[in-house]
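> Using the sequences provided together with the hints, build the complete structure.
For the sequence shown, my numbering assigns the number 871 to the initial residue and increments by one for each residue that follows.
Read the hints as simulated data drawn from the structure, not as lab findings.
There may be inaccurate statements among the hints.
Listed below are the simulated DSS-like cross-link pairs for lysine-lysine, each with C-alpha atoms no more than 27 Å apart in a straight line [stated by the list, open to error]:
(1) Lys918 to Lys948
(2) Lys923 to Lys948
(3) Lys898 to Lys918
(4) Lys898 to Lys923
(5) Lys915 to Lys898
(6) Lys898 to Lys927
(7) Lys948 to Lys898
(8) Lys927 to Lys915
(9) Lys927 to Lys948
(10) Lys948 to Lys915
Label-pair distances were calculated between CB atoms; the ranges are [stated by the list, open to error]:
(11) Gly910 to Pro945: 29 to 37 Å
(12) Gln941 to Val911: 14 to 22 Å
(13) Arg935 to Phe912: 13 to 21 Å
(14) Leu897 to Gln920: 17 to 25 Å
(15) Gln941 to Gly906: 32 to 40 Å
(16) Lys918 to Glu950: 27 to 35 Å
Heads up, the beta-carbon is just placed ideally off N, CA and C, and yes, glycines get one too.
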Amino acid sequence: MLRLLLLTTITGCFKVNCSTASATMALKSVDFEVFGRVQGVFFRKYTKQQADKLDLKGWCRNTSRGTVEGQMQGPLDKVEEM
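Written out as structure tokens, the structure is:
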């Protein structure tokens, strides 16, 4: 069983005006830590693949506590989908 702890649900939420976009886009940044069997099972690779599909930016790493921690940023709806 995996548990996901959102350390900071919103570390930054702001609006960006893009000259090529017709609407304003809300961006979100989330710090996370995942507990359970997440090391040695390709969890980080899977996380990166899913983030790439959603065009999210960020990082994740194994910890000495046996968890995976990281940060992701992107459009509000995509971060929530992740």
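> Next step is simple, just say for each hint if it's right about the structure.
Results for each hint:
1. Taking the CA atoms of Lys918 and Lys948, the gap is about 14 Å. The hint holds against a cut of 27 Å.
2. Using a Cα cut-off of 27 Å, the hinted pair Lys923 and Lys948 holds, with the two alpha carbons roughly 10 Å apart.
3. For the hint linking Lys898 to Lys918, the alpha-carbon distance of about 17 Å falls within 27 Å, and the restraint holds.
4. Proximity of Lys898 to Lys923 is assessed by CA-CA distance (about 17 Å); at most 27 Å being required, the pair is judged to hold.
5. Of the supplied pair hints, the one linking Lys915 and Lys898 holds, its CA atoms being roughly 22 Å apart against a limit of 27 Å.
6. Between Lys898 and Lys927, the direct Cα distance comes to roughly 11 Å. Compliance with the 27 Å bound is thereby established for this hinted pair.
7. A distance of roughly 9 Å separates the Cα atoms of Lys948 and Lys898; the hinted pair therefore holds under the 27 Å criterion.
8. Note on Lys927 and Lys915: the hinted pairing holds, with a Cα-Cα distance of about 14 Å set against a maximum of 27 Å.
9. Proximity of Lys927 to Lys948 is assessed by CA-CA distance (about 11 Å); at most 27 Å being required, the pair is judged to hold.
10. Taking the CA atoms of Lys948 and Lys915, the gap is near 18 Å; set against the 27 Å cutoff, the hint holds.
11. The given range of 29 to 37 Å is respected by Gly910 and Pro945, whose C-beta atoms sit roughly 32 Å from each other.
12. A C-beta distance of roughly 21 Å is found between Gln941 and Val911, which places it inside the suggested range of 14 to 22 Å.
13. Checking the proposed 13 to 21 Å range against Arg935 and Phe912 shows it holds: the Cβ atoms sit about 19 Å from each other.
14. Take Leu897 and Gln920: their Cβ atoms lie about 18 Å apart, and the range 17 to 25 Å holds.
15. Between Gln941 and Gly906 the Cβ separation comes to about 19 Å, which falls outside the hinted range of 32 to 40 Å.
16. Judged by the Cβ atoms, the range 27 to 35 Å given for Lys918 and Glu950 is violated: they are separated by roughly 18 Å.
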